Structure formats: structure tokens, C-alpha cells
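K.L.:
In case you want the letters, here they are:
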Amino acid sequence: MSSAPYIPGSSAPDSDCVKAAFPASVVRLDSGLTVIHQEISTTPVVVVDVWIKAGARYEPDTWTGMAHFLEHMVFKGTEQILPGMFDAAIESRGGLTNAATSHDYAHFYMTVAADDLPHALPYLAELLLHAAIPADEFVRERHVVIEEIHQAWDDPDWLGFQTLSEMVYGDHPYGRSVLGSPDSLQERSPEEMLRFHRAHYQPDNMQVVITGGVSFDQVMDLVRTTFRAFPQPEPCPMPGLVSPPRLMTNPKRTLTLPRLEHGRLVMAWLGPGIDDLQAACGLDILATVLAEGRMSRLVRELREDRQWVDEIASSFAVQQDCSLFVLSAWLAPSYIKEVEQVICDRIANLATTPITTVELERAQRVLCNDYAFSMETPGQLAGLYGYYGALATPELSLAYPDYVRDYSTSQLMPLAAQYLSPHYCGTLALIPT
Amino acid sequence: MTVSTAPKQNSITTYLSNGLKVIAIENPAADIVSARIFLPVGQGHETPETAGIFSLLTSLLTRGTTHRNSLAIAEAVEYVGASLGADSAADYSLISVKTVSADFEKIFTLAAEILREPSFPDHELELERKLTIQGLRSMQEQPFSVAYKYFREGMYGTHPYGFSSMGTEETVSAIRRDDLLEAHRQTFRPDNMVVIIVGRIDPERAVALTDALLGDWGAPKQPAPERRLPAVDSRAYRIVTPQDTNQSFVIVGYLAASVNHPDFAALKLLSTHLGNGLSSRLFVELREKQGLAYDVSAFYPTRLGPSQFVAYIGTAPENTSVALDGLQSELRRLCEVPLTDHELQVAKNKMLGQYALGKQTNGQIAQLLGWYEILGLGTEFDKTFQTDVAAVTIEAAQEAAKRCFVDSHISILGPAAAVEPLR
Numbered sequence: 007m008s009s010a011p012y013i014p015g016s017s018a019p020d021s022d023c024v025k026a027a028f029p030a031s032v033v034r035l036d037s038g039l040t041v042i043h044q045e046i047s048t049t050p051v052v053v054v055d056v057w058i059k060a061g062a063r064y065e066p067d068t069w070t071g072m073a074h075f076l077e078h079m080v081f082k083g084t085e086q087i088l089p090g091m092f093d094a095a096i097e098s099r100g101g102l103t104n105a106a107t108s109h110d111y112a113h114f115y116m117t118v119a120a121d122d123l124p125h126a127l128p129y130l131a132e133l134l135l136h137a138a139i140p141a142d143e144f145v146r147e148r149h150v151v152i153e154e155i156h157q158a159w160d161d162p163d164w165l166g167f168q169t170l171s172e173m174v175y176g177d178h179p180y181g182r183s184v185l186g187s188p189d190s191l192q193e194r195s196p197e198e199m200l201r202f203h204r205a206h207y208q209p210d211n212m213q214v215v216i217t218g219g220v221s222f223d224q225v226m227d228l229v230r231t232t233f234r235a236f237p238q239p240e241p242c243p244m245p246g247l248v249s250p251p252r253l254m255t256n257p258k259r260t261l262t263l264p265r266l267e268h269g270r271l272v273m274a275w276l277g278p279g280i281d282d283l284q285a286a287c288g289l290d291i292l293a294t295v296l297a298e299g300r301m302s303r304l305v306r307e308l309r310e311d312r313q314w315v316d317e318i319a320s321s322f323a324v325q326q327d328c329s330l331f332v333l334s335a336w337l338a339p340s341y342i343k344e345v346e347q348v349i350c351d352r353i354a355n356l357a358t359t360p361i362t363t364v365e366l367e368r369a370q371r372v373l374c375n376d377y378a379f380s381m382e383t384p385g386q387l388a389g390l391y392g393y394y395g396a397l398a399t400p401e402l403s404l405a406y407p408d409y410v411r412d413y414s415t416s417q418l419m420p421l422a423a424q425y426l427s428p429h430y431c432g433t434l435a436l437i438p439t
Numbered sequence: 058m059t060v061s062t063a064p065k066q067n068s069i070t071t072y073l074s075n076g077l078k079v080i081a082i083e084n085p086a087a088d089i090v091s092a093r094i095f096l097p098v099g100q101g102h103e104t105p106e107t108a109g110i111f112s113l114l115t116s117l118l119t120r121g122t123t124h125r126n127s128l129a130i131a132e133a134v135e136y137v138g139a140s141l142g143a144d145s146a147a148d149y150s151l152i153s154v155k156t157v158s159a160d161f162e163k164i165f166t167l168a169a170e171i172l173r174e175p176s177f178p179d180h181e182l183e184l185e186r187k188l189t190i191q192g193l194r195s196m197q198e199q200p201f202s203v204a205y206k207y208f209r210e211g212m213y214g215t216h217p218y219g220f221s222s223m224g225t226e227e228t229v230s231a232i233r234r235d236d237l238l239e240a241h242r243q244t245f246r247p248d249n250m251v252v253i254i255v256g257r258i259d260p261e262r263a264v265a266l267t268d269a270l271l272g273d274w275g276a277p278k279q280p281a282p283e284r285r286l287p288a289v290d291s292r293a294y295r296i297v298t299p300q301d302t303n304q305s306f307v308i309v310g311y312l313a314a315s316v317n318h319p320d321f322a323a324l325k326l327l328s329t330h331l332g333n334g335l336s337s338r339l340f341v342e343l344r345e346k347q348g349l350a351y352d353v354s355a356f357y358p359t360r361l362g363p364s365q366f367v368a369y370i371g372t373a374p375e376n377t378s379v380a381l382d383g384l385q386s387e388l389r390r391l392c393e394v395p396l397t398d399h400e401l402q403v404a405k406n407k408m409l410g411q412y413a414l415g416k417q418t419n420g421q422i423a424q425l426l427g428w429y430e431i432l433g434l435g436t437e438f439d440k441t442f443q444t445d446v447a448a449v450t451i452e453a454a455q456e457a458a459k460r461c462f463v464d465s466h467i468s469i470l471g472p473a474a475a476v477e478p479l480r
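These protein sequence lines are chains A and B, in that order. Counting along the first sequence from 1, when you hit position 22 you're at 28 in the numbering used here, and nothing is skipped either side. Counting along the second sequence from 1, when you hit position 423 you're at 480 in the numbering used here, and nothing is skipped either side.
Among these hints, one or two may not hold up.
Said to hold, decoys possible - Derived EDC-like pairs: lysine to aspartate or glutamate, alpha-carbon spacing no greater than 20 Å straight-line:
(1) B:Lys187 to A:Glu317
(2) B:Lys187 to A:Glu310
(3) B:Lys346 to A:Glu85
(4) B:Lys346 to A:Glu143
(5) B:Lys416 to A:Asp121
(6) A:Lys258 to A:Asp163
(7) B:Lys187 to B:Glu106
(8) B:Lys187 to A:Glu267
(9) B:Lys163 to A:Asp376
(10) B:Lys187 to A:Glu307
(11) B:Lys206 to B:Glu226
Because the hints were derived from the structure by calculation, they are not lab data. Fair warning: this is a prediction, and the values are worked out from it, not measured in the lab.
Go ahead and model the full structure; you've got the sequences and the hints to work with.
P.N.:
The structure is reproduced here in C-alpha cells:
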């Protein structure tokens, strides 16, 4: 039950330049529930991955941590299912189950033998629709979540990422920790959690993705009979309206931490949300050109040649309201200033000088193959469809490789000018006490 | 779940004339080919003076050959969006390749080159040495890693499994280029290697390609060096590390049977019963019922030499003592109270189901079967292991627990006020 943000990989089952028809069926039931199914006849397993728009962004300010805590409490059963019964039912037959929560969504997944699906799916549906949130379990599980928070507080990279998020997202909910804080959790009640559940775990917000060795007809029969009788939505405080975050300043911070063996320099820029996936793909290309692989610009310059950093890497993640472009360096604190200057120069350069064709082609192949490699198992496929389904449409999951391949070097410059200014980025340094 | 997730096998297993074993398995499901080149050398061949040499050696394989420098190798791989890596572990070293099928031949050819003709350039050695030392230091940032390091050192002493696979700052600083060349000359040889290729590729073509690239590689006359697996002097041991953390970590473990020991399958089952998943004994008793922890689990790695059976928990400092008692009483219970029929059956289903789920991708299949080969168990161990697990009885599980859970090794890390009383 982690809260790690999902970082979408890179596309089509084959990396040929063929615009494939969407290989899964997408059905919207009368209730508003979306069902996504793809039969993979060569596998004897079935994956169910249910994505719900009930992440931390839907919490009112004072309820920070509620969405993630609820994800834990869903496993505590309903009036029909005692705590632990679901886990035992799935795992005792050799299956796997778990869940994760991010700002935009919570998702719950299980992998079972195809023959076990009719046995397993009713349990999962019952938990998701009718979570009971028993008061004694609420108090006990809160200790578990608080331990999860304490563990995160002992992790310098988690602390760095959280601090940077607060710096770049401002008042937007993305700036708050998905885990919440021990104090914020202490003030919440099981009744409030029940309201949050009844308000958000509704069919309109839910994508049920089922992939693997099961037919369309069987899936539809099973989903129709198990994901029914949703409870009445209950009124629940909502967060104020927030506009997509924009970073119009240049926040800088230095955090001193105990037991740190490396310094860290982390710089972050905000990009477009999922509604402009095409632009996001362009930024993904630039992140790869800059710092993915030994041939990338910053790895070559800063780690291999100058040896100012022990490691430098980029990450790029698309979310609902914006994407996040991050460069992270692990280095001796004495080099932080020089490295920051080099990064700013190289970032600014992207807006004025086109990257080479060789660089572009390398990045395109790396991203498209990573995408193909990320669709090898039914579980990976279900995760991909569910993620795009929850944030946009499942079909959009197949757009990625075409968007990536269609870029030319000249199209990337305006993108860099728009999104990657050294004047609009958050900069965080971590140094030992 | 006892289904098989392995592909319908169109496969070849054969030896080249120089003794190299090749396994090729066709799996047309995805446009991907994964390959592993396994060598039976790893930490088990290291001494307290050379700890980390195979980690350093393998990290340098992609950093230069007699024909190409580091950049040229990276360029060839990254330009087609493939992956090519090398690594070492307790009982083996390996080179891994993953490509879309059209690029496989090209990248596998490069893999053969870094395997046979690494040049260990001086400046690349210095860079990797620096990165390795920094990697060793960064492990000190994570409380669990620190607690586990002391646990392992206390358990194994100077046995090679007692060191991090990266060695120590002292040993890594002392390794010279000549040492790497000599280790490569002695231990990287076709007569003890296994190549396994899985994916969308005709097995005959895969074998022919391997023969073309590696078939002319002669084995040295002198025999390969033996593993250095001295007996471990196992005495109960407890180390307490005060550190100003938000959480305490408690690790309790025992020296445990190697993969060749008759108790292997029973201990794997016990480790599953205790620590695997949301319905496992430790998870239910210590997390679900008592809310002591977020992270509580157990593991028992597959090793040619003396392995370890470990249970651990991360908990609030004020609960350190309760958590230690909890782990100890759960381990003791396995010796004193036989599993019920239901518990045993659940552990078997869980173990075998998840084992099947661990063989879904070409890379997972190549890794598992190649590993069994290089451990000397043969790919048939894939079946034998599952049969052995299914055959474990309640009595056998309890006897295995009694034999294993004798002298406990304990490592406790956390704020001084919480952990000092537990010395």
C-alpha cells in the first residue's frame, strides 16, 4: 500500500509505426461505471485493477491524508466481510492484492488464476462499494499509517520530494503529502471517512479494468452482478476550486538533514496536464535528452566528464492538472552551486538551439521501447489503461508512442521556451547537518 | 493458484564444443527478447581482502572493450532503445540484454564483446570506484540498511556473504586494474557459463548466434577457481545501534539452510507463512491486530552457501521492545506449535501461486531458469522445487523450524532512549 506516484512508462505492443486500433473494449454501464477489458488468451491469470478518482486532491484542506488512510481502511471489510477475510480469500488461492493512492486517484488491484475470478471479484466489489470503516479498526489502522509516515520521514529522498512539491505547487493540493501528518489524522473520525467514501467511491468516478485469460462476456456478466447497488452518495466537504498550478517564481531552499552521505540538488518545472499529452510527450523527450542514459547531455557532462556528480537523472510524470519535470543530482555539497549553474545553462539552451537529430532519435527509441517493455504482462497493461482511464480516456494510453515519434527537433524548442525556463523552477538542495 | 505461466515451450538446450551451455526458449507473445549470460562467480569467490571485486568488475564491463570505449557502447545500446547491463550477486555474475526482437542480434553481439574483451580503462575504473564508494556510503542513509548491515556482519563474520556485494570502502579502494584483468581471465570462461535467451526468436537461430559469437572461445587449461565458502561460526548475537530516527528497526534472524539442503522447501514455506502478503502471520498479528508497524515481513534468500532466515519490523520507538518480543514469539511458535492443515495448505497455495506469477516476462523466465542452471540445480529445479513445496508436511515444517531457529542474531536500531535498554 504505497503512495508512490505512478510514473507512466513509454507504447504500442510492437514498436512499428502502425496506428493500432485500441485493443481493449471500453463499456460505460447505465450506472456510469466504466469497464475496460482485454482478453489475453495466452495467460492463465486475470488482473483486476479498479481506478477511482478519489485521491488526495479531493480532500478538503483539513482532511489531509484521508484518501490514503481510506485506501487502508477499505481492506478492513464491510458488514458482510470481516477484516482480513478478503486478503485471506485472495492470497490463500495463490493470488495477490494491493492498492496505492496518489493525488489524482486511488487504485486497488488483484491478480488471480482465471478460474478464481468469479470467486474473487465479488469480494473486491463488496469492499470498494460498502467499506464499513469500523471505529476500532480505524483507531488501530491509524497507528499503521502513522508508522508509514514515520518511515517516510526517515527517508531523505522522500523529504526532499515533499519539500520541493510544497515549493512548486503553491496552494494546489499536489503540494500536500498524500500521507497527511499524524496530527491531521488524529483529528479525523470514522464518520468523516465514511462520508468521503460514500461521496467519491461512486460509479461515475470508477474504472474497472480486467485483463488476462477471461472473455468479454464473462467479464461483463461478473461486473454487472458485483459492481451494483452503490450506496447513496453522502454530502462531504470538498476542497475549494483550484486552478492548475503555475509556477511564476523561482523558489529556492536548502534543507539540512542528519545522516546524509551525499548532497542532493533537485530542480523541478511544471508542464501541461493530461489534457495536453502531446506537449507532455515533448517534455518527456527533452527529459530523456538531458539526463536519461549515459549518452544524455547532463550524465555525460556532469558525471562522466567533469565528475561533479555521482549520479544525475531526470523524471517526468503526467498528472491530471500538470506534469512534473524533475532533474535530480546526487553530489558533494561543494559542487551544488556549479552544477545548478550548468543545469540552468543547459536548460536555457534547449529553447534557443535545436537538439540534434541523433539525440532526438535516441530519445524516441528509448521512450517507445520502454513503453513497449511496460506492456508485457496483463498487470502492466491494466495499470496503463486504468491510469489513462482515470485521468482522461483509456484510449489515450495508445497515443503516447505516436506523439513521441511525431516530434521534430524544431518543434521541441518552443516547448522548452514555454515550460523549461530557469526563471520558473523550484530548486532544492539537501546538505548534511 | 498452481497454473503455469511459462510459455508453451519450443525450446533447445545444448552445449557448444567449448562447454558453454545454451538454452533458447521461444515465446512469441510480445515483440521482446531477453537474454542472460550467467557465470558461476560472485561474492562466494571473494575474500575479506577482495570483497566487492566482482561487483566492480561487472560494473566496468560496459565501460570499455578492446574495440570500443564507454561512450561507443552506450551509444550502440541507447540508440536502439535497448538495455545492456552487468551485475554480480552472492553466487553468480551476469550480463542482461533486453531488446525488441529486430535489434537482438546487434545488442547480443555487443554483449558477447563486453563479456570476452573488457579493457578496464584506468579512468573508467577510477570513476566506478568513486561511484561504488559513494553507493556504499548512501546505504548508511537508510535506517533499515544500517541495521541489516550490522545484522549480516554479526552473522557471517569474514564469510563472503557477510559483506555488501559492493565490498567495503577499504577493499574497493585497494583493487587494481591487474586484479580485475586476472579475475576476468581466471573466471570468465566458456566451460562454466550458461547463456539463456527467451522471447520472440527462433531457438535454432538463437543457438546459432551464440555459437557464432562464443563458440570459438577456448577455455583456459587450468581449472576454474573454487568457491570460497568457509563454515560460519554461528553464535547468538545481538547488536544495538542508537540513531536519532523517527522509527526503530528490529531484525531477528538465523543462519539457514542452503538451496541444496533437505529443509530448503520447508523453510521457503515458513518464510511465506510468516512474511508474505497481507494475510501472512506477521502482517496479521503485528500490523493488523496490534497496529505496531507499516513494514513487517520475513525473507529467506536462495543461496548455495549458508543462507539466512530473517524477520524484521519497523516500529515506533516506544514499541521497540514489544516488537522484538512479537517477532521472537512468532518465530518460537513455529518451533513449538505445529502449523494447522489449513495454514500449511494456504502457505503452499500462496508460495506456488506467486512463484508462477514471477515467471510472466521473458526477462523473469530467463533470470529464474538461468539462475537455477548456474547454481548447478538445472532448469528442472523449476519443477522439482514446486513438487518439493507441495510435499512438505506439517512435521517437516516444524522440524525444519526447530533445526533452524536456534541461535538468534538480532540487530536493533533506533533512538537511544528506546534501544539502549535492549542491549
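K.L.:
Would you mind marking each hint as holding or not holding in the structure?
P.N.:
Cross-check of the supplied hints:
no.: 1; hint: B:Lys187 to A:Glu317; verdict: holds, 11 Å
no.: 2; hint: B:Lys187 to A:Glu310; verdict: holds, 12 Å
no.: 3; hint: B:Lys346 to A:Glu85; verdict: holds, 19 Å
no.: 4; hint: B:Lys346 to A:Glu143; verdict: holds, 9 Å
no.: 5; hint: B:Lys416 to A:Asp121; verdict: holds, 19 Å
no.: 6; hint: A:Lys258 to A:Asp163; verdict: holds, 17 Å
no.: 7; hint: B:Lys187 to B:Glu106; verdict: holds, 18 Å
no.: 8; hint: B:Lys187 to A:Glu267; verdict: holds, 13 Å
no.: 9; hint: B:Lys163 to A:Asp376; verdict: holds, 18 Å
no.: 10; hint: B:Lys187 to A:Glu307; verdict: holds, 16 Å
no.: 11; hint: B:Lys206 to B:Glu226; verdict: holds, 14 Å
Hint compliance for this structure: every hint is met.
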